[in-house]
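Visitor: Chains H and B supply the protein sequences, listed in that same order.
The numbers in my numbering rise by one with no breaks, and the one at position 400 of the first sequence is 424.
The numbers in my numbering rise by one with no breaks, and the one at position 66 of the second sequence is 71.
Treat the hints with care, since some could be wrong.
Unchecked claim - So the derived list for chain H, only partly shown, Cβ under 8 Å to chain B, looks like this:
(1) VAL147
(2) GLU498
(3) LEU499
(4) VAL502
(5) ILE771
(6) TYR775
(7) ILE791
(8) ILE799
(9) ARG866
(10) LEU867
(11) MET873
(12) HIS874
(13) THR877
(14) ILE881
Just so you know, the hints here were simulated from the structure itself, not pulled from any lab data.
Computed from a predicted model, the values in this text were never measured in an experiment.
By construction, the Cβ of each residue, glycine as well, lies at the ideal position given by its N, Cα and C atoms.
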Amino acid sequence: MVEYKINPNTDEEIYNLLNPIVSNWFRKKFKNFSPPQTFAVKEIHNRNNILVSAPTGSGKTLTAFLSVINELITLSEKGELEDKVYCIYISPLKALANDVEKNLLEPLKEMADIVEHKFGIRVALRTGDTTPHERNKMLKKAPHIMITTPESLALMLVAPKFRALLKDVKWTIIDEIHALATNKRGTHLALSLERLQNLAGAFTRIGLSATVSPLEDVAKYLVGINNNGKERDCIIVNASFDKNIDLKVLCPVDDLVDVTQARLDKTTYRMLHELIQEHKTTLIFTNTRAATERVVHNLKERYPKDYTLNIEAHHSSLSKQSRLKTEERLKNGELKCVVCSTSLELGIDIGYVDLVVLLGSPKSVSRALQRIGRSGHKLHDRIKGRFLVLDRDDMLEDALILKNAIEKRIDNIYIPENCLDVLSQQIYGMAIEQVDHIENIFATIKRCYSYRNLSRDDFSNVIKYLTGDYAELELRHVYAKIWYDETTGNIGKRGKLARVLYATNIGTIPDESFVTVKLGDQPIGKIDEDFLYRMRRGDVFVLGGNTYQYNFSRGMVAQVVAAPGRVPTIPSWFSDMLPLNYELAMSIQKFRALVGERFSKYKSKEEILAFINEYLYVEGSTAEAIYNYFKEQFDYAEIPTADRIIAENLYFEGKHYLIFHTCFGRRVNDVLSRALAYIYSKLHHTNIIVSITDHNFYLQSSKRLGAAEGIEQLKKENLQKLMELAVDKTEILKRRFRHCAGRSLMILRNYKGQRKAVGRQQVSSQILINAVKRISNDFPILKEARREVLDDLMDVKNADLILDKIKNGKSYIKEIETKIPSPFALNLIARGFSDIIKMEDRLEFIKRMHQMTLAKIGQKYKPVKAIS
Amino acid sequence: MVQIHPGLEIIDLGLYLVKENIIIFSDFHLGYEEAMARGGVLLPRYQFKDTEERLKKIFEKIGIKLKAIIITGDLKHEFGTINRQEWRDVNSILNLFGEYTDKIILLKGNHDPLLPSIVKRKGITLRNSYRLKDFLIMHGDILPKNEVKEKVIIMGHEHPAISVSDGITTERVKSFIKGKWKDKIIIVLPSFNLVTEGTDVKSDRLLSPFLKDVSNFEAFAVPEFDKVLYFGKIKNLNSKQ
Chain H
25 MVEYKINPNT
35 DEEIYNLLNP
45 IVSNWFRKKF
55 KNFSPPQTFA
65 VKEIHNRNNI
75 LVSAPTGSGK
85 TLTAFLSVIN
95 ELITLSEKGE
105 LEDKVYCIYI
115 SPLKALANDV
125 EKNLLEPLKE
135 MADIVEHKFG
145 IRVALRTGDT
155 TPHERNKMLK
165 KAPHIMITTP
175 ESLALMLVAP
185 KFRALLKDVK
195 WTIIDEIHAL
205 ATNKRGTHLA
215 LSLERLQNLA
225 GAFTRIGLSA
235 TVSPLEDVAK
245 YLVGINNNGK
255 ERDCIIVNAS
265 FDKNIDLKVL
275 CPVDDLVDVT
285 QARLDKTTYR
295 MLHELIQEHK
305 TTLIFTNTRA
315 ATERVVHNLK
325 ERYPKDYTLN
335 IEAHHSSLSK
345 QSRLKTEERL
355 KNGELKCVVC
365 STSLELGIDI
375 GYVDLVVLLG
385 SPKSVSRALQ
395 RIGRSGHKLH
405 DRIKGRFLVL
415 DRDDMLEDAL
425 ILKNAIEKRI
435 DNIYIPENCL
445 DVLSQQIYGM
455 AIEQVDHIEN
465 IFATIKRCYS
475 YRNLSRDDFS
485 NVIKYLTGDY
495 AELELRHVYA
505 KIWYDETTGN
515 IGKRGKLARV
525 LYATNIGTIP
535 DESFVTVKLG
545 DQPIGKIDED
555 FLYRMRRGDV
565 FVLGGNTYQY
575 NFSRGMVAQV
585 VAAPGRVPTI
595 PSWFSDMLPL
605 NYELAMSIQK
615 FRALVGERFS
625 KYKSKEEILA
635 FINEYLYVEG
645 STAEAIYNYF
655 KEQFDYAEIP
665 TADRIIAENL
675 YFEGKHYLIF
685 HTCFGRRVND
695 VLSRALAYIY
705 SKLHHTNIIV
715 SITDHNFYLQ
725 SSKRLGAAEG
735 IEQLKKENLQ
745 KLMELAVDKT
755 EILKRRFRHC
765 AGRSLMILRN
775 YKGQRKAVGR
785 QQVSSQILIN
795 AVKRISNDFP
805 ILKEARREVL
815 DDLMDVKNAD
825 LILDKIKNGK
835 SYIKEIETKI
845 PSPFALNLIA
855 RGFSDIIKME
865 DRLEFIKRMH
875 QMTLAKIGQK
885 YKPVKAIS
Chain B
6 MVQIHPGLEI
16 IDLGLYLVKE
26 NIIIFSDFHL
36 GYEEAMARGG
46 VLLPRYQFKD
56 TEERLKKIFE
66 KIGIKLKAII
76 ITGDLKHEFG
86 TINRQEWRDV
96 NSILNLFGEY
106 TDKIILLKGN
116 HDPLLPSIVK
126 RKGITLRNSY
136 RLKDFLIMHG
146 DILPKNEVKE
156 KVIIMGHEHP
166 AISVSDGITT
176 ERVKSFIKGK
186 WKDKIIIVLP
196 SFNLVTEGTD
206 VKSDRLLSPF
216 LKDVSNFEAF
226 AVPEFDKVLY
236 FGKIKNLNSK
246 Q
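Isolated chain B (complex conformation) (with noise of 0.2 Å):
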């Protein structure tokens, strides 16, 4: 467990908010593999079961039940032509969530535009955005209309990566990343698609109005269950000096 902010502390890819006893995750994008068969990587299957695995021993960690569970966006990778197992999948992890908690807060992401008819079968809230105490917490691709009163931004999105590199070896890590938006300080959940590592913040062009400039945010890499890495600022990664 490493604490990213007062009051917040990262365990495995969630972020936890201790007061509140609540957990936020973000960006699953179950049927990732399904869509990639759809497009032509005919690649078996181990992303839901995979998830699943690791969402448990996060449950099993944290040891208590959770006030609530916050996924903010995209917790499926596609809809449209998606089949019987897939459905299945999603509703899996979210009666596994309801083991956990009596409260499901799903936020919209800009890839599950049929999310409401899930929703209203399982009597799960979903919103734009969620605000708590100092927290606003959202998908993070689009400005929020009105002015953010909170002091912290928390949000998804992105999939926020960082390659570590000796100049021979180049591995991504999924991370957390930390920094500034206007006044407000801003924080990015790295993505539980365990099938890819995800967006590498510092030579890939980033697509949320929020990171125009992430050369001053500090990275946390989350290489493997709950180990969290500090790297530090980002345009310092891998210099030579």
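Excised from the complex, chain H in its bound form (with noise of 0.2 Å):
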């Protein structure tokens, strides 16, 4: 069972547990014991499973190790310590580790001083950076504490030598397990530590969490289920917000519909450079890497005294000497401002940072909290965050964050279930480990609470999968990657060289390839390859926020011209921007209809100033500035709602457009938008365009398109199978396809030696995906890629809901004409388009383009005239 733990214990309970060692050490360095050591040590000391969620700071990292070294401690002084892994520390980043086994040594080194006697307790490092030689000192000696990552840590499980010492491990520690839960690699890590259970027993696992909710999902995530089906029992501790917090929106101007762009910029760049200045060291996040670059240039040009080598950026393409050395200089007080994307967001210890600013909108509650959190790192400090806004969008999106942080109100994460191409190669570790029967694999498989629903149907096609059944008979040996005898039930690896095989392609993060933008000899960002596949000549497409036109390529770099203000001829779906959380966007929704209802009585502006200023938590021109974008849309338009959703039928510039204002966020209006465009391409056999953002979206085609038609026709269908078939046909499968096909290890990135052997050029995803569809559209593989979309990316579950309210009339419909873009829709249209949901096939369309080549040159050919 999971439950909270409510009361926590005394320093004197605490201290009682505690070696005397460990105890006056603990003494010397501390005045008392931070809320979450409280409530936890005690807990991990009993080897009780415990999920603490507590800011960073807050000596969390501590809270786990402190019972863990008591206990080590006190081993070591009775002679009792043994050459074994007693405790696995996982931690999603490897620079993290680096961090913890500074913070680890030297706490230890401390208690040896004391008693001035060392007490032999070895502590390594495992990750992807470790040479052969200190992986052969640890096989040597065994460290009692392994510190690791989730890769790692499969590694071992298939190396023979370090299974021998982990065979008694007595404590799994998984650092920012809501990092993890949430995407492939947690996912993976579960089925590793089920892995581990089965060779070492039953552990303690302590997760160590932000701020998250539900936080009961994440305990069950790390806990897992017995075999006997039931919930296995975990403790949470929820220490957050015990930090004091200070927060606020900041509006650069109070309205911002009506101002220029350099407008815009010359008054953000002077609040961002005055906070800087008013500030010890400010850490800016900006989402985007080319964000990054951008702030920082623009701070240095604008204020040349100010910012020269005081000022770094901090992103995931610069190297990773250069991230160190910022960090390193961060941590030094060296720096007066660090400007990242999303890069600084995880807990590696930075120092001294005063103030946060969010650049732009982090999109979750969460996120900013733990954003925020970098700031003041010590416990007793107090956190400071601000919201400097971008756009309109951003600015209401910016509030309600605000408010629901000062309300404590978390949005949800997500924990993907049932992933087929980590299963599979999971799997395959778990055969190359040893020779098991299938049902002992299916029930290891099934208490990770990501694949307590896995069906049997699902589990019995990736086996076929891996023993190579989709080929033919003879050349199974090439595809087959275990063997199953069905007499026996047992399952094993196949070939001598799956050890090597599976280790060198081990992971869930996809191995991508990027081509450099380069406008000149100045880059500016990558791209994926596919995505350069796709571009002509002349093609403008978007790359951090700014338009370019496409040049040429060379090798691994394209050149572009930069073509600012024009609309992208090319979707932007390959920029992966963080998605508005749902319960965000829903509480957007609520604040529109009381915004709304106000309106609507013609209430004062000074009443609605004051409502938002009580709502919200805003002031001053951040206030006016929100009051004045919904008057704007007022009163050219209507306010729409969760239940009253506005669709705007725009015709502007030649085009007929049909807005749909819904606010629920990008992952369920990518699905609305697919789902409505496929039934309007078969109405009226067309192709549709689509853009999306978070608050709504349109479908653009040659002639108008009536709302009523399309969401009629949605009632009656169900919206799964829609929605399998409106993405059948997009890039997003067939990418996403590529990287299940890579995680299923059906494309491996070493292979006998070869990186990469076989360029990607030669295999397009196109390839790929045909190929699959032959062996059957219900391929293990695929069908994980369909999910991924449906589920990770997108979020078919919410849209249901909000189609059922449409449905049973709780929610409705209203159709509006407009000839310019009301306020609301400004942001969409300016942005270009997203996707387009085909019509036709592809023979089809090349009909259709040979149709209009024979226009153009007039004629048909006629082969003596044509040369000669």
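With the hints as a guide, bring both chains together as one complex.
Guide: Laid out in structure tokens, this is it:
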């Protein structure tokens, strides 16, 4: 059972548990136990599974380690410390693992100094960067505490010598568990933990999490399920929000509709500059790599005297060295300001930061708190965050994040389930480990929360895939990864190279190949190779918020020219932007409804401003700007809500747009827009262009589309089935399929000593998906790609709930006509399109293009005339 | 059937010499999937079956026994550590040809150095190039040493394809291309490799010394069995006007 611990232990209770060496050390070093420690230390000591949720810098890591160190020191003092791994600490970041090694070694050393002898407790780091020499050292003298990553843990599980060390693990600590549980890396880890449990027996599981919701789900993910189908026990400690927080939304101007970009930029940078100057060290989050560079560049340009060597950019495209150097300088207090994309979000100790600025909405309350929590990195410091608004919709998101953060309403996270690609990889791992019975393997998998609902059919299809069932019998040895003997029920690995092949291709992070985009000699970003494959000279596309025109490419470099203000000709589905959280979107809708109500009752500006101010905790120009945004929408059209969805039929610059004002977040809007586009494309036999934001979407076609027609049809459909058809021909499915094929080891990164032996250009995603569709439309890896698109990337479940409300009349669509976009639609129209739902198949399309070409050249081909 | 040049007709991916009753194919690259599998891309095998079926349809369409079948190189994707099945596939295709002609002429490509051993076994002629009246037929990877007397050069090697795009959707299609090299007319066959479409002649860098500039070449796309669509000059493809 999963339950919350309500009452903390007293300091005395905890001291009583501790070895005198440890308690002496603790008393010397700290005044008292931190909130997470008062809740958790005793539970860990009693070997209870526990999930600790607390802000960074609250002593979470030490909480987890304190009981472990305590027991190891006691064993050491009694001379009973054995040469084996007692505790595994797993972190999503290699750099973080480095950090903990320091934080763990230091206390141990200080305790040793107190008693003036060493304990002989060994701590070792096993990551992808660990050298063979270091690994050998571990095998000779087992570390007592092993610090590792999910991938390296999976590697150890197939290495016989390492397995021997792990046979008696007592504790497993999973740091930043919220950053793992929400994606396939976490799914992978959950299976590794069950495999570890097969080897080591039950061990204590300790999860450390930032402030997320629902913690119950994270706890269930952490501990899994017993063989008898009962949830394992877990105690939840919620020590969130104990820090003193100071948050504000800042809007640079009081009217964001009627302002030029130049003026907005000027004011925004001035505000940013003033904030930086008022504080000692400022950390700025920008969401994208390109924006990170832009902000640094602009600050240096606009305030050359103030920003020279004291400002740095930090994002994942920069070299590891340069990032480490920036982190080091940040810790040493040498920097005035660091601008990052999302890369400093997780808990590397970044030292003294007294202000966090969020430039651009972080899209969820928990992400905002995680980022803001990077300031005031000592327990009792105040954490201080400022949301600096970039545009109108950004402003609403920021304001509602602020409200929810203050009122302690955290939006929900999503944990993916039944991922068949990860499952394939892990079953292969289990087969490499040892020959095992199929029922044991199935039982191990079903113990994971992420696979508790796995169907036997899906499991069997994965086994069939792994046994090479899809290849001709004679060639099966090339394709088969495992063998399965139906008479004995046993499963084992195939091929002598299995272990090497598995070890060199492990993991869940897709192996993407990027091309550098350059403007002259200046690199401006990276795009996926698949994306480049589709581009023709003259195409306009979006990169990091700016538009560029594609010229040509040489090798791994694509040359572009700036094309400011041009409408993109290439869909922007490749820019994987953070989606707005659904609960947060719904709270924006609620606010819209409340404000809309006041406008329709013709309340005075003062009354409405007072309401905004009270409801959202914003003041001054921000409240004014929100008022103006709603006022213009109300005057021009209508204010949409969750229950009264406005469909805006816009005829603008010769194009027909059907805009749906659906502020449900992009994951839901992705579903609604594609489902409707698919319906219209069938009804009118035409291609439909879609554009999607977190707040709305449009469908564009050569003729006017009526909202009612599409909605009526949509009500009759099964959304899941409709969406499977609607995404079938999309680029996003092809792209995700390639990732899934990589995770399930259908495409190998490393094979027989060659890295990427087959060039990607030779095997386009199109070839891959065509080939598996011919095997079966239900081929497990294809099924997984569809699931990933519909459940992880999009959100069919919540879209279905919205559709239900429309079906049973709880919400309705109101159609209006406009000649210029309503204020709420401005961002959407300016953005360019996201994707196209194609009616035609390949041949139809080519024939149509042929007809167009003939019309252009004005004649049919006459062979003798054509040349000579 | 579309006449690409007097006496030369496109029949699906083959080029048919009408008067001579000879068909030319190019660049089968048999064993492409196996080569991908050896590189770590484990896709199921369809190439051989698809190739066999498509060839049969072409032969049925022609309907009479051919005087000769000419392959302008690269029948096999790669030699080296290939398996028995792949050898069998090459033999099966040659046997299939044998059912429709008594004369198989293999021209040397850059991918098949080991072909002589097969050829000996099957009693097939292997040549660097083949001259027939006005036509010089060759792989096309290197320039001929001697002066070319023929008016028309027919070659493979490049795997020509065009990309058609409306700015939103882009599709790559196998395509014959026809243009000029010095004072000769040159016709390039698309590859018979059914796994990939080939090289985008407008955007990609071309390999053949004959194809330094193809902007004035004309394209004849083949999007499906025996469907030939004339797309005009390559330089005008997908232009906005």
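Visitor: Hint by hint, note whether the structure agrees.
Guide: Hints versus structure:
Interface restraint check: VAL147 of chain H against chain B, minimum CB-CB distance 37 Å, threshold 8 Å, status violated. Checking GLU498 of chain H against chain B by beta carbon gives a least distance of about 6 Å; that is within 8 Å, so the hint holds. Interface hint at LEU499 of chain H: satisfied, since its Cβ lies 6 Å from the closest Cβ of chain B, which is below the 8 Å cut-off. Interface hint at VAL502 of chain H: satisfied, since its Cβ lies 5 Å from the closest Cβ of chain B, which is below the 8 Å cut-off.
With its C-beta approaching chain B no nearer than about 5 Å, ILE771 of chain H sits inside the 8 Å limit, and its interface hint holds. Interface restraint check: TYR775 of chain H against chain B, minimum CB-CB distance 3 Å, threshold 8 Å, status holds. Against a cut-off of 8 Å between C-beta atoms, the interface hint on ILE791 of chain H holds, since the closest Cβ of chain B lies about 6 Å away. For ILE799 of chain H, the interface hint holds, the least distance from its beta-carbon to any beta-carbon of chain B being 6 Å, beneath 8 Å.
Here the hint on ARG866 of chain H is kept, as its CB sits about 6 Å from the closest CB of chain B, short of 8 Å. Because the smallest distance between the Cβ of LEU867 of chain H and any Cβ of chain B comes to about 6 Å, under 8 Å, the interface hint for this residue holds. For the restraint placing MET873 of chain H at the interface with chain B, the shortest Cβ-Cβ distance is roughly 4 Å, inside the 8 Å limit, so the hint holds. The beta carbon of HIS874 of chain H is positioned within 8 Å of a beta carbon in chain B (closest approach about 4 Å), and the interface hint is therefore held.
Evaluation of the THR877 of chain H hint against chain B yields a held restraint, the C-beta minimum of about 5 Å falling below 8 Å. Interface restraint check: ILE881 of chain H against chain B, minimum CB-CB distance 5 Å, threshold 8 Å, status holds.
Of the numbered hints given earlier, the model fails hint 1 alone.
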